[in-house]
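Q: Construct the entire structure; sequences and hints are all you get.
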Amino acid sequence: MKLAVDFRQLFANVRKMGVKEWVDFSVDFNSKLIEIEVGELETTKGLEVPLEDIEIDPQSGVFTYQGKHIVLFIPDHSFKYDEVILNPKELGNKYHLTDCSTLENMRSIGRFKRYHATRNRTGIFRIFGNSAQESEVPLSVCKNCLKKLNYQNYHYNRTEVFNQFTLEEFFTHYETFFRNEPEDVGQNEVGYAENWAEISRQYRSSIGYCCENCGVNLSTYPHLLDVHHKNGVKRDNRPENFRALCRLCHSKEDHHNHMKIDEYDSRLIERLRIEQFENDIPF
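For the sequence shown, our numbering assigns the number 48 to the initial residue and increments by one for each residue that follows.
Hints may contain errors.
List of simulated lysine-lysine pairs, DSBU-like, C-alpha gap at most 35 Å [as the list claims (entries may be wrong)]:
| hint | residue 1 | residue 2 |
| --- | --- | --- |
| 1 | Lys277 | Lys115 |
| 2 | Lys281 | Lys195 |
| 3 | Lys299 | Lys92 |
| 4 | Lys277 | Lys190 |
| 5 | Lys190 | Lys115 |
| 6 | Lys127 | Lys190 |
| 7 | Lys195 | Lys136 |
| 8 | Lys127 | Lys299 |
Read the hints as simulated data drawn from the structure, not as lab findings.
A: Shown next as structure tokens:
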């Protein structure tokens with residue numbers, strides 16, 4: 048895409064500052080920065096890429112990012128991290144080859160941005176948990192992706208195709224569909240922001256410490272009000288990605304089965320709901 052850039056106002060402001068001499072310069076778009084970013088895409092760490100930049104190759108049906116053949120995976124294993132590193136092939140998040148039914152479901156609940164792209168062929172992926180711990184582990188391919196692509200006649204020999212699947216063979220199989228691939232850029236961050244406690248407090252204060260789902264006011268018990276990331280990305284701290292939820296409502300969100308709420312706190316929230324909502328009845 049061609050960009051039209053107008054620097055006339057900038058130069059006018061510079062002249063007002065008394066600058067009389069100009070120096071020509073050029074930008075090298077083939078710099079080492081781009082090489083580093085391309086290298087990141089080839090690693091087990093992968094790159095976080097915007098959903099709108101992920102495409103499906105019309106001929107092969109596989110994922111592409113700026114013309115490059117990729118697979119997608121979720122590095123964030125949150126609460127189940129410790130279990131996953133003991134048995135990653137069985138318990139870890141599956142990696143994806145195409146826009147299968149699993150991804151359609153994740154996108155429908157607004158959690159697609161949790162996925163990262165990689166071109167690494169080893170089958171090893173760098174994952175992390177709730178804190179800063181990281182590990183490189185083998186993950187398994189998504190069976191729904193194999194089914195949608197009918198990879199290696201998967202419909203007729205599912206067990207053998209799944210057990211013998213390798214990313215090396217998969218990328219090689221589709222190499223002929225990709226030529227003259229452009230460069231990639233991206234970034235990756237682990238865990239919550241260092242000042243998350245303050246970010247959370249400010250947001251809860253801004254909405255009066257009320258649950259944005261059930262409406263209970265927890266200003267007297269602020270520790271029972273959580274700030275939920277709508278898209279599941281812990282570093283995405285835009286206000287529009289937040290939703291304040293009492294711990295009861297929060298525990299009922301998708302992918303939050305791990306949340307355990309103390310029986311005393313649960314009864315307290317339910318009692319506050321009854322008291323506050325009864326006071327709102329106009330008769």
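Q: Against this structure, judge whether each hint is valid.
A: To see whether the hints hold, each was checked on the structure:
no. : hint            : result
1   : Lys277 x Lys115 : holds, 29 Å
2   : Lys281 x Lys195 : holds, 31 Å
3   : Lys299 x Lys92  : holds, 31 Å
4   : Lys277 x Lys190 : holds, 27 Å
5   : Lys190 x Lys115 : holds, 22 Å
6   : Lys127 x Lys190 : holds, 21 Å
7   : Lys195 x Lys136 : holds, 21 Å
8   : Lys127 x Lys299 : holds, 17 Å
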